[in-house]
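A.B. asks: Protein chains in written order, with our numbering: chain A, 36 to 344; chain B, 36 to 344; chain C, 36 to 344; chain D, 36 to 344.
Hints listed in this document are in silico derivations from the structure and should not be mistaken for laboratory results.
Worth double-checking, as some hints may not be accurate.
Remember, identical chains collapse to one label, so a pair may be satisfied in a single copy or spanning two.
As the list claims (entries may be wrong) - Straight-line Cα separation of at most 20 Å, SDA-like style, residue types lysine to any residue; simulated pairs: (1) LYS198 / ALA72; (2) LYS198 / GLU77; (3) LYS198 / GLU225; (4) LYS198 / ALA223; (5) LYS198 / VAL74.
All values derive from a computational prediction rather than experimental measurement.
There are 4 protein chains.
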Amino acid sequence: MTRGAAMDLQGILDTIFHEMQDRSDRGIVADYIPELAQVSPEHFAMSLCTADGQSFHVGAAEVPFSIQSISKVFTLALALGRLGDQLWTRVGREPSGLAFNSMVQLEHENGIPRNPFVNAGAIVVTDAILAGHAPREVLGEVLRFIRQAAGDDDIHINHRVAKSEQDTGHRNLALAHFMRAHGNLRNAPELSCGVYFHQCAIEMSTRQLAQAGRFLMGGDPAARLVSPARVRRINALMLTCGHYDGSGDFAYRVGLPGKSGVGGGILVIAPGRASIAVWSPGLDAQGNSRLGTLAVERLAQATQWSVFG
Amino acid sequence: MTRGAAMDLQGILDTIFHEMQDRSDRGIVADYIPELAQVSPEHFAMSLCTADGQSFHVGAAEVPFSIQSISKVFTLALALGRLGDQLWTRVGREPSGLAFNSMVQLEHENGIPRNPFVNAGAIVVTDAILAGHAPREVLGEVLRFIRQAAGDDDIHINHRVAKSEQDTGHRNLALAHFMRAHGNLRNAPELSCGVYFHQCAIEMSTRQLAQAGRFLMGGDPAARLVSPARVRRINALMLTCGHYDGSGDFAYRVGLPGKSGVGGGILVIAPGRASIAVWSPGLDAQGNSRLGTLAVERLAQATQWSVFG
Amino acid sequence: MTRGAAMDLQGILDTIFHEMQDRSDRGIVADYIPELAQVSPEHFAMSLCTADGQSFHVGAAEVPFSIQSISKVFTLALALGRLGDQLWTRVGREPSGLAFNSMVQLEHENGIPRNPFVNAGAIVVTDAILAGHAPREVLGEVLRFIRQAAGDDDIHINHRVAKSEQDTGHRNLALAHFMRAHGNLRNAPELSCGVYFHQCAIEMSTRQLAQAGRFLMGGDPAARLVSPARVRRINALMLTCGHYDGSGDFAYRVGLPGKSGVGGGILVIAPGRASIAVWSPGLDAQGNSRLGTLAVERLAQATQWSVFG
Amino acid sequence: MTRGAAMDLQGILDTIFHEMQDRSDRGIVADYIPELAQVSPEHFAMSLCTADGQSFHVGAAEVPFSIQSISKVFTLALALGRLGDQLWTRVGREPSGLAFNSMVQLEHENGIPRNPFVNAGAIVVTDAILAGHAPREVLGEVLRFIRQAAGDDDIHINHRVAKSEQDTGHRNLALAHFMRAHGNLRNAPELSCGVYFHQCAIEMSTRQLAQAGRFLMGGDPAARLVSPARVRRINALMLTCGHYDGSGDFAYRVGLPGKSGVGGGILVIAPGRASIAVWSPGLDAQGNSRLGTLAVERLAQATQWSVFG
């Protein structure tokens with residue numbers, strides 16, 4: 036199968052970029068904290084790193100944005116590296132069929148979140164990494180992992196964003212206290228949520244994010260921060276759960292594993308082929324980037340990179 | 036990438052067969068109707084058709100079993116062929132996070148089932164094909180489609196099973212009446228459920244089922260009953276929703292699109308590579324074949340056919 | 036305690052009638068069947084039978100209306116008379132906190148309805164009376180019970196209404212099939228629902244309904260169709276469950292046991308004092324008569340008949 | 036109506052006491068904090084204050100116990116006195132049909148608790164009283180209100196219990212954070228929950244509690260801390276919501292408004308007749324005192340004090 040071999044990837048990105056420039060249906064920028072509300076919906080950027088080491092970019096590919104829930108992919112990789120399959124005693128691997136911050140499922144299932152990408156699940160994952168260590172230390176480790184994956188040390192936490200998340204983070208604190216009541220949180224809710232709010236406040240450009248995602252392409256041994264078997268499993272979780280109650284639709288339209296963030300970014304993996312990052316701040320009703328989703332749908336159509344044949 | 040090129044697929048199947056023969060944790064055979072309850076849990080069969088036209092079999096690959104919910108894949112393909120994307124106004128594309136026969140989601144979402152593979156969704160799909168035609172006629176069409184896909188005319192409905200389903204099918208009738216109350220069923224509940232009960236009572240061997248699944252491999256133009264774009268989408272739905280509230284786990288462990296039936300069969304697609312059918316009647320807690328799932332997990336490990344890299 | 040002794044009850048009813056005549060916020064008439072949709076929202080009637088045998092009326096007190104769910108009180112009394120406390124193995128005694136036709140609770144609690152006044156519970160009660168007898172026979176018994184309670188043989192089923200209920204009753208059939216699937220329905224869903232649809236189609240005037248409710252006042256031995264202990268318990272169920280998810284509000288505002296029907300009628304009991312019937316076809320968001328509720332609230336204020344002091 | 040006039044109430048209490056002494060089905064003592072877990076299940080006490088000023092006691096009527104959720108009645112009376120009907124914009128008046136600490140309803144209804152007696156509702160009520168004041172001050176006011184109602188200044192908070200509640204109160208903090216996220220909590224969750232944990236840790240004997248409940252009997256003007264209309268409404272809420280998802284059963288069996296606490300106490304009101312307190316630490320599955328409920332059921336049978344005739 037030679038598809039992709041001689042593709043003009045830059046040309047494809049350029050075409051997508053021009054289509055996106057012209058669209059007016061850009062969705063709604065997240066406004067629960069001022070730092071996100073101020074971001075212009077006009078931003079658009081897309082970056083792509085291929086398995087054979089090439090890179091392609093369009094738009095504001097050097098502008099850092101808040102990665103938010105995309106950070107959950109990196110903390111999951113860290114937690115699996117440390118705890119292995121033991122992690123699955125504390126969090127499930129099933130799509131929830133509910134919103135990212137729902138408490139209903141937690142109550143029906145005794146404080147065990149459905150998967151590591153809903154908020155409750157990500158807080159458990161962070162709590163598992165925290166494990167009694169100092170929050171500052173653990174945040175340092177998360178940053179080191181991401182910088183190493185990206186091959187770029189210029190990746191930082193936006194502390195103003197972290198502060199705002201903390202000030203408005205009552206729903207996440209509710210999830211954390213609830214899990215603590217069920218014995219599924221080992222650290223004080225304030226500490227686990229504190230680390231969680233800071234990991235969500237990490238800022239990256241699409242260039243950095245596409246680079247950081249290369250370890251999930253499989254293929255290149257040099258990029259292997261985690262084993263091939265684990266890479267496959269993280270990709271499986273991204274495909275089934277990476278877009279909350281919009282995951283099925285993303286799989287249907289795009290056909291690739293992806294993880295979105297409320298800052299408007301999406302990390303998408305074409306296994307064996309490419310790591311892709313897209314950014315457009317306007318969101319759809321499920322909280323996923325509207326143009327970002329459309330852009331990767333176009334990319335998947337043009338490249339035939341769907342995992343589904 | 037050469038993986039699969041020179042693989043000894045028959046050897047892999049043989050190894051899996053011998054492991055499965057030795058296992059005692061075979062799950063529980065469905066017992067809600069006598070025809071299923073009488074099936075021996077000792078049965079095991081596996082068949083595999085590759086994209087280049089080869090076939091491999093182990094175990095009771097010629098013994099017909101009740102395909103049950105696997106039939107939903109074929110009726111979905113038929114309905115998409117007839118209605119196209121209009122079908123999605125009546126049924127969603129998201130994993131439900133709930134059991135296959137749950138009413139809770141239906142009530143919260145005004146009678147629109149989450150996806151075509153939960154019972155309610157499959158009844159809507161069948162109702163869409165029925166569309167005022169005579170049930171007998173529509174069943175004939177479903178059978179013709181499957182026989183054509185399998186290249187085998189010796190595929191039939193077990194009418195005793197259909198009768199038993201009908202006698203005990205109150206939960207499905209409840210779903211149908213509920214959707215009718217919401218205007219999402221066009222035919223009388225008894226008619227749509229009648230066709231549905233009969234399609235579930237179709238019997239096939241793993242050899243026939245693996246052959247019938249070839250149209251979902253993509254690749255071979257000769258096998259194309261539906262367009263490549265549609266094939267990808269059906270595969271996406273199988274991966275995210277094909278095993279009910281065990282879909283995430285199947286994606287995590289196997290990494291391939293699949294659809295299970297309560298008769299103990301599973302149809303699994305390795306896009307571009309193979310169509311696989313497995314049968315072992317004992318079920319796990321989610322209603323999916325226990326050894327069948329394990330067998331395809333072993334196959335995916337041995338062949339590296341995961342779609343996730 | 037002498038309150039009520041020398042009250043001018045006719046004067047109180049007249050005052051209420053005049054206030055209601057002037058109000059324009061009459062709610063929305065039920066429109067799911069044409070026979071109910073055609074009823075004028077301008078109707079208003081109120082009747083009151085005291086423990087010492089007096090009667091008072093205002094408005095259209097001789098006009099028959101569809102009693103709908105008020106019939107559940109009479110079938111409950113009949114079923115308790117026949118099965119005694121055994122009935123409570125099949126239906127609970129708790130407010131549901133949900134709409135009258137919800138399936139969610141049924142699914143979470145294995146087909147056991149929360150109480151005899153939600154639709155599912157009333158269908159179980161009717162199924163318990165049916166018990167293999169001919170539907171026509173059982174309907175005759177229900178009618179005889181109501182006519183005896185009312186001391187009036189001119190009470191009938193409106194067969195056009197019953198037919199319309201049957202044609203549109205898919206949601207109730209869904210509840211019945213669901214309970215049948217859980218083994219909590221002994222007769223065919225069509226039969227139990229058939230009787231249920233007919234009992235709901237009984238027509239009475241407020242005069243007849245107030246008379247029929249006298250057996251729930253307690254006190255007068257002559258009116259005792261059921262024992263005092265059972266009367267107290269039916270009243271308790273009416274107070275906690277008689278207005279679906281508006282029951283708490285009715286208890287708060289009116290302070291008396293009551294049962295509403297979607298035809299706009301309410302039967303209200305002032306234990307030891309009076310049986311009251313009110314009718315105004317316009318409904319509030321919970322499906323209870325808007326002016327009817329207000330009228331009995333006014334009556335409770337004027338008479339100080341609240342059971343709560 | 037003369038029933039009760041010449042009743043031998045002390046004799047009735049004595050008979051109940053002897054029956055309870057002999058019973059071995061005492062339920063399970065709450066064990067989520069050590070201070071409650073250590074209480075002997077053998078305790079039993081019952082006190083009764085009549086509208087004409089008499090008092091009757093059996094058992095350990097002078098032993099203080101943790102009133103827990105019974106405190107919610109007093110804070111509700113205080114909050115209604117201060118905010119009037121405005122309180123109902125922040126909390127409903129309907130039975131929830133769910134456990135006392137459920138989050139499901141809160142999520143479905145935007146952070147508005149169903150009623151003031153589920154935990155979330157009581158936290159909102161306390162938050163409404165707190166209203167920016169110092170927690171210590173507000174607790175002083177709650178204590179003053181209860182002492183005045185009881186005519187007894189020897190009523191105190193057990194600070195060890197309050198401390199333990201706080202240490203294990205993650206589920207209540209989850210509710211509070213969740214409501215804060217929906218804008219339905221005005222003070223910091225820690226502050227509102229802090230006051231709530233302390234009000235639950237108030238200790239009273241049955242003698243003191245029966246005395247403190249007299250203001251809910253209505254009747255005696257001297258005992259009127261709140262208006263007759265408000266008394267009726269608080270009683271209505273106790274009857275429909277006072278025993279969580281066991282409220283319907285309590286109304287059915289006892290027929291009187293009551294509020295239970297996890298310490299094993301119940302405050303019961305016979306409007307116009309008596310205020311009753313009972314204490315037995317063993318609980319049933321819904322978290323209500325098992326023997327306490329049985330004892331008031333016996334009392335209601337013997338006295339015919341049911342509000343339902």
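A.B. asks: Of all the hints numbered above, which does this structure not satisfy? Sort the numbers upward.
C.D. replies: Of the numbered hints, just 2 does not hold.
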